[in-house]
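Asks: Here the protein sequences line up with chains A and B, keeping their order. The numbering used here numbers the first residue of the first sequence as 1 and each following residue consecutively. The numbering used here numbers the first residue of the second sequence as 273 and each following residue consecutively.
There may be inaccurate statements among the hints.
Claimed, not checked - Okay, the calculated bits of chain B under chain A, using three or more residues with CB under 8 Å as the criterion: (1) 283-290; (2) 294-300; (3) 448-454; (4) 551-557; (5) 561-572.
These aren't lab readings, by the way, just hints derived from the structure by calculation. Heads up, the beta-carbon is just placed ideally off N, CA and C, and yes, glycines get one too.
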Amino acid sequence: MPRGAEAVEAAIRAANERGEAAFIPFIEGADPDPGLTEDLLWTLAEAGAEVIELGFPFSDPLADGPTIQEAAQRALRHRPTIPFFLEMISRMRRAGFEVPVVMMGYLNPFFRLGLRRFAKEARKAGLDGAIIPDLPLEEAGEWLREAKSRKLAAVMLAAPTTPPERLEKIAQASSGFLYYVSITGITGERDRLPDDLALKLDLARELSPVPVAVGFGISKPSQVKNLAPFADAIVVGSAIVKLISRLADDPKRMLREVGDFVRSLKEATVRS
Amino acid sequence: MSLPDKRGHFGPFGGRYVPETLMPALFELEEAYRRLRRDRAFKQELDSYLRSYVGRPTPLYPARKLSQALGGHLKIYLKREDLTHTGAHKINNTLGQVLLAKRMGKNRIIAETGAGQHGVATATAAALMGMECVVYMGAKDTVRQEMNVFRMELLGAKVVPVHSGTQTLKDAINEAIRDWVTNVETTHYVIGSVVGPHPYPMMVRDFQSVIGRETRRQILNLEGRLPDIILACVGGGSNAMGFFYPFVKDQMVKMIGVEAAGEGLDTDHHSATLTVGEPGVLHGMMTYLLQDHVGQIKGAHSVAPGLDYPGVGPEHAFLKETGRVDYVAVNDEEALSAFRLLSETEGIIPALESAHAVAYLAKIAKDVPSGSVVVVNLSGRGDKDVASVREYLRGKGRA
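Build out the structure end to end from the sequences listed, making use of the hints.
Replies: In structure tokens:
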């Protein structure tokens, strides 16, 4: 089984070949506590996730709405470290966990560990890549080099404000997939997505050599169903994080309901 | 070569570490700024407001009584930013940025504020230009600085308390950035210090450089030579950057930036980012930060609310690394002593922030060669601080 950028891209393409968009759930690592993160990852995998985004909590999450901010605050009480999650992933890989996992986190904790060291240890542990939302193309040189040398997915982001020629450059630098931010704004559930989103996704997929995932604001199976024909993959974060937070006191029920919810989102990725 | 470079870097520091959504807005802002700073009409408009509205040039005052109190062997001057409209240097920047925003066709202004000084200065400029203004302020700060909240409201601004994180300045910046990410097409974010992503550190420095340019001209008139030492307090570092910048190439001028050591550098309650922090990325810039060993940002503390920030302008980080500026720290007690000293000797109640610069001068005065010309940037007045100083002294049983 390959790992890294290749595994991430292959998992998305395989779903596309089955006539589905790939489904990518996000959870915040160590929320509500570090012991549950591993159980949650297994649950997400069993519910049909093609790729998983594992958030590394940061004290100042400036691209996130209240739901993920609060999750980060809860998680930080446990003083999580990147090596803790790498060890966890490594253990899970040995136990047969195959779904690609990319870590999503703000730059400073990765920078503090060292981007070279992070890339090396991620590869060794079986983490497949990272998404760093405050590292735009102009500043990403070192990370892109390190990720490439370890064949990790360096997932870059494009936004509705990104002009097409810039989007093309970002997509060419991105590996695993390109993360297209659906809305001009921060993470969190929205009742309405922009009217021109399908059009924007068409253009992004035309310009991108890697699959295009859409995220931000998506929380319901009906939204997933509407977007499935226009995206190679769909990311849902805050809605899952909210469910985890609501059931934090009852882990068994939490795992069951998260599983059911993710299954319903995954089912909605079938392009009819 | 003049810094920052094309990508907004000061050596390894600075840059644009922001979500992609904001990148096009930063390009647009940089382009508009580069165009307008050479535009004669824009410069004339800004200069005219600085003269007739802000009260510039501010005086360079020979502080003879303070000089006497510190041994009588120095010629100490105070650059009187405390005499500007709204009472601090902040207005130099907010007027510039709000005028710029207006030229860019943005009709909504947002800002963050800690103690409220930058919020008040932004609300003032927005009122003058007839623009909508929203100010984000940590929930804790809205309580501590209630009067400034009211001042901003009087000026027509909406103040939004921020309840996330430490509920102080750094969280107010996070929230302002979130607003900007959401409303970037209609909104200009007026950052209050030489911090944030490029082009802010450059732009705010340029708007604040009027302080140093005036000082240079004034001291040459008064003394016929450049000063030996200049000092300013450093939180984010805008007053210091604007004060230092026109002297950076004058190698004979020694420059000292004074940070807040709060309750002591060996405690977790200080804001001495350059003195004891380490490089990292926060609020769109690579710079020195107060952070833990895994890269989470720590809270900052100072008796001076305007110094209470766990980051610092990237150009200061660069000037520290090149050794051009010395960065030092004085604690709350030392700053309060200087607050009293200046009040008693000169009849000038300084902002607690500015009192840090005076405090460091008081600390080293006896070792400074006789006849030296020293200029302290008195970045703001202390009216805003009298209540908290009274409380502090009462707590210590001394008032």
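Asks: Next, verify each hint and record whether it holds.
Replies: These are the hints, each one checked on the structure:
1. 283-290: holds (count 4)
2. 294-300: holds (count 4)
3. 448-454: holds (count 4)
4. 551-557: holds (count 5)
5. 561-572: The restraint on the region 561-572 of chain B holds, since 7 of its residues have a Cβ under 8 Å from chain A and three suffice.
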